[in-house]
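Here the sequence shown stands for residues 6 to 688, numbered as in our numbering.
Read the hints as simulated data drawn from the structure, not as lab findings.
A portion of the hints provided could be inaccurate.
In silico SDA-like pairs for lysine to any residue, Cα to Cα no more than 20 angstroms straight-line [as the list claims (entries may be wrong)]:
1. K31 to N50
2. K34 to L103
3. K318 to Q334
For each label pair, taking beta carbons as the anchor points, the in silico distance ranges come out as [said to hold, decoys possible]:
4. I375 to G644: 23 to 33 angstroms
5. E407 to L561: 25 to 35 angstroms
6. P507 to F415: 30 to 40 angstroms
7. P641 to L381: 21 to 31 angstroms
8. N499 to K368: 56 to 66 angstroms
9. M325 to P641: 43 to 53 angstroms
10. S122 to D179: 17 to 27 angstroms
11. E361 to A632: 40 to 50 angstroms
Yeah, the Cβ is synthetic: ideal placement off N, Cα and C, and Gly gets one too.
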Amino acid sequence: MPSARGVASEQATPVLEDKIYVAVGKDMKESQSKLVWTVHQLGGNFKICIIHVLVPSRRIPMGGLGAGIPASSANEIVLREHRENERLNMHKILDNGLLVCKEMGVRAEKEFIKSDSIEKGIVELIHLHGIRKLVMGAAADKCYFKRMTEIKSRKAVFVRDKAHLSCQIWFICDRHLIRTREARTVQAVAGVPTNVPFPTTPTPGPGKSILSKSQSSTLPRTAKLSNPFQDILRRAFSSKIDQGAVMPMASSSDSSPEHPNAASTLETQDTFQELKPVSTSRSDLPQLIQPVYYTCQPSISNSLLEEELEKVKDQLDKVMEELRSAQEQKLQLESQFAETNQSRKELELKIIASDEMLQTFKKERELLQIDLENALQKAEEVSGRKGDSSGTKYFSEFSMTEIAEAVQNFHLSLKIGEGGCGSVYKGFLRHTWVAIKIMKFPSMQGSQEFQQEVDVLSKVRHPNLITLIGACPEPCTLVYEYIPNGSLEDWLRNSNRAKQLPWRARIRIAMELRSVLAFLHSCKPHSIVHGDVKPGNILLDAHLVSKLSDFGICRLLSSGDRSSNNTTVVYPTDPKGTFGYMDPEFLVTQELTTKFDVYSFGIILLQLLTRRPAFRIAKEVQRAINAGTLEAILDPLAGEWPYKLAKELTDLALRCCEMSRRNRPDLRSDEWTVFESVGASYR
């Protein structure tokens, strides 16, 4: 007799469908195991949907040894930050699953739901999305056996009993199939035989609807327009005919053709009116009405016709009054347009004068920047002569009292940013506007990131590197120079702001980023790898000069052959960074080199060219180049790109995004110098 596991494995080959859902939890290893089993067992051309149930925790950890407080009694800010961390961890789990599917060459997407329990959330997802194929775990949390033959998880038992009968479920454990719940139709449950196939198309979820083409409406055909006077005559004759004022026409075949009916007369009058403009004088009215008058004379009395003529004259007066009013409005609009055109010309002259003034200010700023760099260099030389072996530091230490006064006791109106690392406030400290970042939940990891950023930014200076003014150790607080124009991500995401970044300015920003990264990679005695280069960490000052920021996860590489650029450091923990900008080879080898930042730089350069999302942007651009449609994906908001220059930049960016770090160029090479001059011409 075959074993229970063997029998279950033979039942594991389903009929292929378009989409198979896989439920994943917080254990990434177990989640990867489910995905690998699904791909190997259910081989074929299908799509995987990774689902996850987010269950908000009832207690918030506040320290070691499992200590915590109930969520219902927690501070609102602490609770919101904790919920945000839960949401970020959930997306990290789902993105890790997408990455696993991508490496196996399988199309995948993700779905999630918030519920008070995992099992209820899975059942609700089955109902909402019309799930027909589902893979989930069979063992109790962190407690399963290699020879398990029955479902041990209460969650799995609940889903098995409560899920819709049309859903087929595979319960697996440690890459082995434990039990299969076959799908059944409603007819099968009722015991009524039927040969009607069960629909495979999922029912629309909440908020979705299906509209048939038959619901669209068509517009009626527009009738031929006539002038207002013709319409008035038509209405007048129609009214009299309805009242019996006009005698019926003779219907015999020998009627005299000398007296045509009123309808034919009106048609003749229409033709005449189209050839001759309508008179605007009441004195011409009898001539216009004369043909109709003589046509209707045998049938309509003189008194009735005179009354009707008076009504027509009154209506014509109203029409003429409306025409005069329209002409006056037209004259007013023409006058307003002329004034607007004059204002536009004045504004253009002001803009030209402002541009000239801006160029003057930029030149003065460059001279001041040179003086500042010379002064810093002299200060460093003086410090070196005094025997300061630890390196020059350019920052001050502040007390928490000064920090609180600078930000008005952390008033919400002064908060200018918030992220996973902490909150950022705008403050006025020692007669200077500054940006103050307060680290979240001071812990061992937060203290390390704080010390790392202080150690790096207090010893290096570069025109495109954010300046660290000082710090407050307890709590972990950093004080930077204030950058007023926000991040590059804000400018690229907003269409109105993106129009203010022409292609020359974008090339200049890219070359400034290349310059500061090459400077960090060339530092001695250790190269500095930023590790999280993205548009959100590139700030723009008042003159749109870029400043690289956020060095909390940067790394100092060990000494070695610096020219080969192969110096590496191995991460002891899970990699940090931003998905879409992380080196794909690093995700496999866990070996960090300066080529990590080169890959991130290539993605940002492609975004400056196209203003598209980072995910899969390299493949989209390469596909456009192969098809000869590169111009179609260049961002039109940047103006008219020089095609040759854009093509050269695109080729360099794609080289930076090569999967193998060996094929990526060095940011310190001379092939970038030609673009430096193009960017400098925008200043």
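Quick rundown of the hints versus the structure:
With a C-alpha separation of about 28 angstroms, the suggested pair K31 and N50 falls outside the 20 angstroms cut-off, and the hint is violated. Distance restraint check for K34 and L103: the Cα-Cα separation of roughly 14 angstroms lies within the 20 angstroms cut-off, and the hinted pair is therefore satisfied. The straight-line distance between the Cα atoms of K318 and Q334 is roughly 24 angstroms, outside the 20 angstroms bound, and the hint therefore fails. A beta carbon spacing of about 30 angstroms between I375 and G644 agrees with the range 23 to 33 angstroms that was offered as a hint.
Restraint check, E407 to L561: a C-beta distance of roughly 30 angstroms satisfies the suggested window 25 to 35 angstroms. In this structure the supplied range 30 to 40 angstroms holds for P507 paired with F415, their Cβ-Cβ distance being about 39 angstroms. P641 and L381 have their C-beta atoms about 42 angstroms apart, which leaves the hinted 21 to 31 angstroms range violated. Checked against the hint of 56 to 66 angstroms, the pair N499 and K368 fails, with Cβ atoms roughly 29 angstroms apart.
For M325 paired with P641, a C-beta distance near 49 angstroms keeps the hint of 43 to 53 angstroms intact. A C-beta distance of roughly 24 angstroms is found between S122 and D179, which places it inside the suggested range of 17 to 27 angstroms. Taken as a hint, the range 40 to 50 angstroms holds for the pair E361 and A632, whose Cβ atoms sit roughly 43 angstroms apart.
In summary, the numbered hints that this structure violates are 1, 3, 7, 8.
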